[in-house]
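J.: Got chain E sorted already, so can you dock chains W and C with the ligands onto it with the hints?
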Amino acid sequence: MKVVFERPEALQNVPFTYCAGCTHGIIHRMVAEAIDSLGIREKTIGVSPVGCAVFAYDFFNCDVVAAAHGRAPAVATGIKRSHPDKYLFTYQGDGDLAAIGTAEIVHAAARGERITVIFVNNAIYGMTGGQMAPTTLLGQKTDTTPYGRDARANGLPIRVCELLQSLDGVAYIERVSTHDPKHVLQAQKAIKKAFQYQVEDKGFTLIELLSTCPSNWGMTPVESLKWLEENMLPYYKLGVYKDIG
Amino acid sequence: MSEKKLMKGNEAIGEAAITAGCRHFFGYPITPQSELPAYLSKRMPQVEGVFLQAESEVSAINMVYGAAASGVRVMTSSSSPGVSLKQEGISYLASSELPSVVCNIMRAGPGLGTIQPSQSDYFQAVKGGGHGDYHCLVLAPNSVQEIVDLVRLAFDLADHYKNPAMILIDGVLGQMMEPVDFGNYKPTFVEKPWAANGCKDRKPNAITSIHIDPKDMEQHNLRLQKKYALISEKEQRSEEWMMEDADIMVASYGMTSRIVKSAIRKAREEGIKVGLFRPITLWPFPEKKLDENINRVKEILVVELSAGQMIEDIKLVNNGRLPVSFHGRMGGMTPSVEDIYDEIKKIHDRLTVKA
Amino acid sequence: MTEDLIIAGFGGQGVMSMGQMLAYAGLSEDKNVLWMPAYGPETRGGFANCTVIVSDEEIGSPVVSHPKAVIVLNLPSLDKFEDAVVPGGVLVVNTSLVNREPKRTDIDIVHVPASDIANEIGSSRAANMVALGAFLAHKPIISIEAVKNTLKKVFAAKPQVIPLNEKALDRGAEAARVQAAV
Ligand SMILES: Cc1ncc(C[n+]2csc(CCOP(=O)(O)OP(=O)(O)O)c2C)c(N)n1
Ligand code: SF4
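Protein chains in written order, with the numbering used here: chain E, 1 to 245; chain W, 1 to 355; chain C, 1 to 182.
Just chain E, with the same shape it has in the complex:
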């Protein structure tokens, strides 16, 4: 599979600055490949979050607007409504999307906003150094759950796909994973399909990618892939949560 190693046109020719073994890199690549495969690079505008992917404009070879923390779906809405012929994606972490940006994501989905949301769920706040995320698992130790996440004290982890699937504006939602090549291939397909639906003007699309943060999980890249598989998969069930076809 030589193709995998070629740089997609929608990625700039610069090395990623993510930590070693972080899955943000592979996810960028998949998004770029999806954009290329549909030939929409020059009509695509990305919206980067506040999170480790804040510098996404350094990596994507398309226009990118950096939003305030959590507000990417609103920013994307503003752009899409001004340029309905363009394709919009937001790229958001779990803190950005499921904590501070909960209102924005719910209402963008409810409005059936024609945007594609790339939701990177690594169960922690990466950029700020490892605090609890809304998707942090019960018992998981973080900088702000030093005794492990406790349901009573810290609430329960949010399942975003399940939360959004009931909204009628949603055209397609799928949860995928990045912990092994087989799942990466599935993820790649899902991302492409989401953009395809946007091109076909079907409605709101979101792909949740289970991901790793070796640095703040305090693990090696290999250990973190294993941790993801063993701990996140049972709680965050993979699959299609909505598909209007």
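The hints are simulated quantities; they were obtained by calculation from the structure and are not laboratory data. Hints may be right or wrong, so weigh each one.
[To be verified] Derived list of chain W stretches under chain C, where covered just means 3 residues or more per stretch with a C-beta under 8 Å from a C-beta of chain C: (1) 107-119; (2) 250-259.
[Said to hold, decoys possible] DSSO-like cross-link-like pairs, simulated, lysine-lysine; straight-line CA separation at most 27 Å: (3) W/K4 - C/K139; (4) W/K266 - C/K68; (5) C/K148 - W/K5; (6) W/K42 - C/K68; (7) W/K5 - C/K152; (8) W/K4 - W/K273.
Nothing here was measured: the structure is a model prediction, and the numbers come from that model. The C-beta atom is built at its ideal place from N, Cα and C for all residues, glycine as well.
T.: Here is chains W and C with the ligands on its own, set in the frame of chain E:
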């Protein structure tokens, strides 16, 4: 062995709050204040207190609103972008007259900016920030020990005046470690008969900031203004350092004032008569002491980590009497001792020529 | 008297804890102390540095652009901080990881193969303490005894690491003294 502990500024805020009887903290992660929530997430459960990471700064400040309304000592903290989000809530706290403590560990803006130290939220802190005619009490420590002292004071003043109080420091002060002595401090709690904590054996309490009839709203504003005038009369605080014989007054607050002190020492070694005027309360601004000092010196230099914000308050008090110059760095950069010394020297040379 | 120094190296070399240890030791001798970590962009790429100030007077600026001493544990730190040392100041170089000679001729340079010595006595992680020992032998801004007492307190929960760290301090000091004698 001394009783002192070595602590980071951010952690000292947390421990000081606990010693001040604060058992409720609501916040949202942001650099460079992360050590504070991390510290309190460990400490609060040990003292049967509440640490809650909210889903946003907007929520956190409204959790503060709720806790304060129910009569407990409560704190939140953030850094510049997050404090911007809290402004609506702070306006409500001020209008509903709810005692509370908000910490801003400032970083460089505008926008997402950078996490390096800054003092560019001065306007936001002292001139309102949110909507409406209101003031927070704003305290600006310049050492880890003073952080402890002023956090305690902030809780007391907030309770006493039923007003939000803000601790304003920059990222460096939050990150650095210095010895602190917590002493045998015992907090004093005031009665809060106005609190919404259940109306057993009393008439129901209502806490609100809506006064829909403009006549009522004006009366509410007048009452607030009277309170602010009283605070301004009673609570101005400042430090004067080497000011007795000074010709040049350098005005500076927070961490920057420490760099200024080093520059002043250097200038003094060369016989330059220069001193520091350091506002400790930024609101109320220490106008009285500043005025006295302006009457004694010949020129003023203001040093801030901003484009020049506190300088406006200095100029208001100065009212055109003396020349005022400014030295500032922005964007997370800090001036060196030498930079400030050079500015002092320039003024000194100018004054010498004049003489 | 005010002594200030910057300690720099890779993250993981114990730069921060070494600075804190020194500050704690200063505190135990009733001095005014300040420890300040570099944070943010300066720490990109895995570099770490911190400033320590020990003084008999009230400590002014936490920002020190020209420290009286610099301890560098790796080459990028030497490149970054060599010029910062105040003339007449001290530069301690971990020669195990620095393959060039400092250019400055107006400062005292203390060479110490800190990582090699640390490996020799049992753990590369102790290189920071070796360098600290070398520095304090050359310039006793506080006593090595005070650092050792501090070690005992800081590692009260992990007493097994104390002997290694003490040894590291001594071996560093010895290396510096031998150099001074030569
Ligand atoms: C208003 C505001 N609050 C807080 C922050 C600090 N902040 C930056 S990134 C981030 C969360 C990062 O976590 P996540 O969204 O999960 O993305 P990741 O870094 O893990 O990819 C936070 C809280 C901010 N920049 N702005
Ligand atoms: S901190 Fe975590 S999420 Fe951020 S780049 Fe590093 S590994 Fe990735």
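J.: It remains to establish, for every hint, whether it holds in the given structure.
T.: Right, here's what the structure says about each hint:
1. 107-119: holds (count 3)
2. 250-259: Check passed, 3 qualifying residues.
3. W/K4 - C/K139: Cα-Cα ~25 Å, so holds.
4. W/K266 - C/K68: Within the cut-off at roughly 16 Å; holds.
5. C/K148 - W/K5: 18 Å, holds
6. W/K42 - C/K68: 38 Å, violated
7. W/K5 - C/K152: 16 Å, holds
8. W/K4 - W/K273: Violated - the C-alpha atoms of W/K273 and W/K4 are around 34 Å apart, more than 27 Å.
Hint compliance for this structure: hints 6, 8 are broken, all remaining hints hold.
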